[in-house]
Amino acid sequence: MKLPRLSSFFKGMNLTVFTFVMIFLYIPILILIIFSFNDARIITSWKGFTFKYYAQLWENAAIKEAFWNTMLIAILSTVISTLLGLITALGLENKRLKGRRGFMGLLYAPLVIPDILMGVSLALLFNFLRVNTGMVTVLIAHITFCVSYAVIVIQSRLEDFDYSLIEAAMDLGAKPRTTFFKVKLPLIMPGVIAAALLSFTLSIDDFIITFFTSGRGFDTLPIYVEGTIRRGTITTINSLSTLMIGFTLFLVVFTKRIRKSLISFF
Amino acid sequence: MRDKREIKPVNSFNQKIDYILAAPALLWLTIFFLVPYFIVLIYGFLTPDIFDIKFEFSLDAYRQIVDGTYFRPFYVSFRMALLTTVLCILLGYPVAYFIARAKEKLRNTLLVFIIIPFWTNLIIRIFSWRIFLSYNGVLNDFLISLGLISQPLEIMRTDWAVILVMVYVYLPYMILPLYSVLEKLDFTLLHAAMDLGANEVKAFFKITLPLSMGGIFAGVLLVFIPALGAYLIPQLVGDQRSLYVGQVITYKIKNIPRNWPMASALSFTLLILVAVCLLAGYYLYQNRQKTKRFG
Numbered sequence: 001m002k003l004p005r006l007s008s009f010f011k012g013m014n015l016t017v018f019t020f021v022m023i024f025l026y027i028p029i030l031i032l033i034i035f036s037f038n039d040a041r042i043i044t045s046w047k048g049f050t051f052k053y054y055a056q057l058w059e060n061a062a063i064k065e066a067f068w069n070t071m072l073i074a075i076l077s078t079v080i081s082t083l084l085g086l087i088t089a090l091g092l093e094n095k096r097l098k099g100r101r102g103f104m105g106l107l108y109a110p111l112v113i114p115d116i117l118m119g120v121s122l123a124l125l126f127n128f129l130r131v132n133t134g135m136v137t138v139l140i141a142h143i144t145f146c147v148s149y150a151v152i153v154i155q156s157r158l159e160d161f162d163y164s165l166i167e168a169a170m171d172l173g174a175k176p177r178t179t180f181f182k183v184k185l186p187l188i189m190p191g192v193i194a195a196a197l198l199s200f201t202l203s204i205d206d207f208i209i210t211f212f213t214s215g216r217g218f219d220t221l222p223i224y225v226e227g228t229i230r231r232g233t234i235t236t237i238n239s240l241s242t243l244m245i246g247f248t249l250f251l252v253v254f255t256k257r258i259r260k261s262l263i264s265f266f
Numbered sequence: 001m002r003d004k005r006e007i008k009p010v011n012s013f014n015q016k017i018d019y020i021l022a023a024p025a026l027l028w029l030t031i032f033f034l035v036p037y038f039i040v041l042i043y044g045f046l047t048p049d050i051f052d053i054k055f056e057f058s059l060d061a062y063r064q065i066v067d068g069t070y071f072r073p074f075y076v077s078f079r080m081a082l083l084t085t086v087l088c089i090l091l092g093y094p095v096a097y098f099i100a101r102a103k104e105k106l107r108n109t110l111l112v113f114i115i116i117p118f119w120t121n122l123i124i125r126i127f128s129w130r131i132f133l134s135y136n137g138v139l140n141d142f143l144i145s146l147g148l149i150s151q152p153l154e155i156m157r158t159d160w161a162v163i164l165v166m167v168y169v170y171l172p173y174m175i176l177p178l179y180s181v182l183e184k185l186d187f188t189l190l191h192a193a194m195d196l197g198a199n200e201v202k203a204f205f206k207i208t209l210p211l212s213m214g215g216i217f218a219g220v221l222l223v224f225i226p227a228l229g230a231y232l233i234p235q236l237v238g239d240q241r242s243l244y245v246g247q248v249i250t251y252k253i254k255n256i257p258r259n260w261p262m263a264s265a266l267s268f269t270l271l272i273l274v275a276v277c278l279l280a281g282y283y284l285y286q287n288r289q290k291t292k293r294f295g
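Chains as they are written, first to last, in this note's numbering: chain A, 1 to 266; chain B, 1 to 295.
So that you can see chain A by itself, here it is in the shape it has in the complex (with noise of 0.2 Å):
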């Protein structure tokens, strides 16, 4: 049946709104990736265009530690909550299960408070122990955020599964095993990696709560690039910046099959 179709005036206004919102998004990315080539000391007029920031990319320390530091808490705290994400999702899969509402609160809860309240609230627990905070403290912060998110992707996945699959290949005789390794899983596994790329995503993305749980000399990407933004030597952001936006863009090309399912999660 054709849908009634939008009089040009509404169509009219909301592609202009569209493609105004499209400039806004793309005009600071835009911008980043060409300053990044433009050789001059102070980051806004044009000066030439030049490589020079991104081999003093390659020759910087702290930035190369910082690089492994945010690899290392983003895989590891990936791998945690995707795995506790997953056992909680199919412990969580009966609607009928007691006590599933409040289960169900604790593990929204966490999206709905602003960041900062997380990163003070832990701070103060780290201190409350007396637990020197470093690498540890960081990656307990980060599974802590990532494994509500990872649950409730995961969760979304398991509510479209058809459950007359599972019957069918026990009906054949697969054992209980045999059907969750190989029916249940693989078909639930895009709602998994999706749960892991947003879990990834979200790690090295995150600034605030790393700025309250990381000590004195751990430092992340975004923990690096503030401090250097803030003491005025930005020669090599531009340059990271864009390294950093090509590694977004791989992952959002790489991904296609994931991608709905992640689309799926709003």
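Since the hints were derived computationally from the structure, they do not count as laboratory data.
Beta carbons are placed, not taken as given, at the ideal position from N, Cα and C, and that holds for glycine.
Some hints here could point you the wrong way.
Unchecked claim - What follows is a list of derived Cβ distance ranges for each label pair:
#1 A:187 - B:213: 24 to 34 Å
#2 A:39 - B:144: 34 to 44 Å
#3 B:289 - A:249: 32 to 42 Å
#4 A:253 - B:251: 39 to 49 Å
#5 A:19 - B:19: 49 to 59 Å
#6 A:231 - B:35: 30 to 40 Å
Given chain A, work out where chain B should sit, using these hints.
Chain B in isolation, oriented as in the chain A frame:
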């Protein structure tokens, strides 16, 4: 219709195993999410120390909350969060609508364009706005070269810069839930309404808008609450003479002399404020659903 589980006795769930599976994450969140807020509550009633905290009871921090010493940062944050949310709805709705009504093949591509910035590092995006907006920045150069202005505009370190960057950062969080509602919306209802004589504007306000309320509610949740606790954006582009509550909390924790009881009291007040907003929003939403059903 979703719950296929109701009709499948074969795959009966074992409650004991379910609890064992769910326990690790729930335990984790109890220790590292719930318990810390109790510590925040307790620390608010202790005595500050230059570097740390003294375990002596004191009401000073909450006295300063009650007597309004910190009213201003809360007001500044609340106002900005509200403004950001409204602007995100006004900009996000047409965009979500446009994508939802685009050709099916195009939709995913358009969505990816919305998601890419959202997947780009937050600090980096804020930093690039600084390049764009600063006194000698790209925008000022551009406007001067066009002859529109003769003196560079002072946008950086004003509320204008904060609004701009806040909307920029939070807009995708509004567009995505709105899109997922609008995409599922049955547009034939619009057809029906217009057949029955409603004009486009009326059909929009009577049908599309009420049916997409769930998406707006989710979007408001995802924008307003984080915006309320914003630290980084006001810190990097905002006017440092009017501090946001996130900045005040951070300074009290990080800067010396430290005042952790004050930071705790402010955090706890912010938590209460968030809870009140959530409950109010939820109540409004539920109420609306009810009147819709019976009215």
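Any of the earlier hints contradicted here, and which numbers? Hint 2 alone not satisfied by this model.
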